[in-house]
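Protein chains: 2
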Amino acid sequence: MIDTRQRGAHILDAAVRLIAADGLAGLSIRTVAAEAGVSLAQVQYYFGTKDALIEAAFDHAGAEFLSRLEPVLAGPSSPHRLRELIMLWLPLDQDRERRVKVWLAFAGAAASRPALAESSRRTDRELLRWFEDELAGLGVTDPAVQSAHLLALIDGLALRCLVLTPRARSALIKQVLDSHLEGLGAG
Amino acid sequence: MIDTRQRGAHILDAAVRLIAADGLAGLSIRTVAAEAGVSLAQVQYYFGTKDALIEAAFDHAGAEFLSRLEPVLAGPSSPHRLRELIMLWLPLDQDRERRVKVWLAFAGAAASRPALAESSRRTDRELLRWFEDELAGLGVTDPAVQSAHLLALIDGLALRCLVLTPRARSALIKQVLDSHLEGLGAG
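Sequence lines, in order, name chains E and D.
Per the numbering used here: the first sequence = residues 277 to 463.
Per the numbering used here: the second sequence = residues 277 to 463.
Hints listed in this document are in silico derivations from the structure and should not be mistaken for laboratory results.
Just so you know, not all the hints are guaranteed correct.
Claimed, not checked - Residues from chain E shown here face chain D by an in silico Cβ test under 8 Å; the list is partial:
(1) Leu300
(2) Lys377
(3) Ala381
(4) Ala383
(5) Ser396
(6) Arg397
(7) His425
(8) Ala428
(9) Gly432
(10) Leu435
(11) Arg436
Said to hold, decoys possible - Now the stretches of chain D that chain E is said to cover, found in silico as 3 or more residues with beta-carbon under 8 Å:
(12) 288–302
(13) 380–386
Just so it is clear, CB atoms sit at the ideal spot from N, CA and C, and this is done for glycine as well.
This is chain E alone, in the form it adopts within the complex (with noise of 0.2 Å):
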């Protein structure tokens, strides 16, 4: 019997290696079903059209991305944990840079896709929450507008990061996230 799950799980795994790589640009179901060394029908049969995959593609990652958190949101709420989750985010060694290459390329998907957008803004809704009990726990002053504040500060730093030296991405961020945690009184 053929495990149809994990089939399109493999499919998937090869979509965002790609992603990773060169973002959308060579991105296609023929680029995908090479890469996963299935035939382009398989491919076509799990997920229909390009669109679709980009969608499923964004869903999976997501999910990968959760059960990294995971581990950390099991100890106990703390300056500590928070910033250690932030830094699950930025791109300090390869594996979350490919996980910022692959974000940054859904990001511009999802400007000009209704369906990601909604997925991007579902999960944005999950996050700010997330957050904003986090700082509420920690006795940080209104953690609604800090928790919107610092969701866009990780991305933008996220995004600079990138393009920067290993050195310089870490400079950047004890520069920039560190002084702005102390200053929130979570740091």
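Fit chain D to the known structure of chain E by using the hints.
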């Protein structure tokens, strides 16, 4: 006599329009030639490869953006001017939304193209220095750190706004940016 510079600019305008519509996904020498109404050979004559075309389109879009900054920069330094300049980056109308989409596509491309990354770092260094001077002039404490913070925050807000409704964009900017500028003593 053919004005070669103008012909080149016409091709770059076409490339930027395509990038604004759907990122780099559908961009090729062929699609740019079709959009510009010129032959494939002409695009190749002016720009050679697709990568060189992308780089030239990046510089072209950057120069166009700087020309928008100039009239605002002609005024005297003030918290009002600073806010007005920041607003030029944020997708609060169709024209600025188009610019943010182009910038986002380039940010994605720069992550895997060294020549674009270098050009992006150069622009960032100039912007950092400009914001640092402006913030120092407004009496903001720690202007170097605050300049890096502000640039990352603007990038993150611009990116997050893209998937929001016009109303939610204004609300997010008011909530996060205006309170941040006030906190800096530059609101």
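Status of each hint after checking the structure:
{"no.": "1", "hint": "Leu300", "verdict": "holds (5 Å)"}
{"no.": "2", "hint": "Lys377", "verdict": "holds (5 Å)"}
{"no.": "3", "hint": "Ala381", "verdict": "holds (6 Å)"}
{"no.": "4", "hint": "Ala383", "verdict": "holds (6 Å)"}
{"no.": "5", "hint": "Ser396", "verdict": "holds (5 Å)"}
{"no.": "6", "hint": "Arg397", "verdict": "holds (5 Å)"}
{"no.": "7", "hint": "His425", "verdict": "holds (5 Å)"}
{"no.": "8", "hint": "Ala428", "verdict": "holds (3 Å)"}
{"no.": "9", "hint": "Gly432", "verdict": "holds (3 Å)"}
{"no.": "10", "hint": "Leu435", "verdict": "holds (5 Å)"}
{"no.": "11", "hint": "Arg436", "verdict": "holds (6 Å)"}
{"no.": "12", "hint": "288–302", "verdict": "holds (count 5)"}
{"no.": "13", "hint": "380–386", "verdict": "holds (count 6)"}
When each numbered hint is compared with the structure, no violation occurs for any of them.
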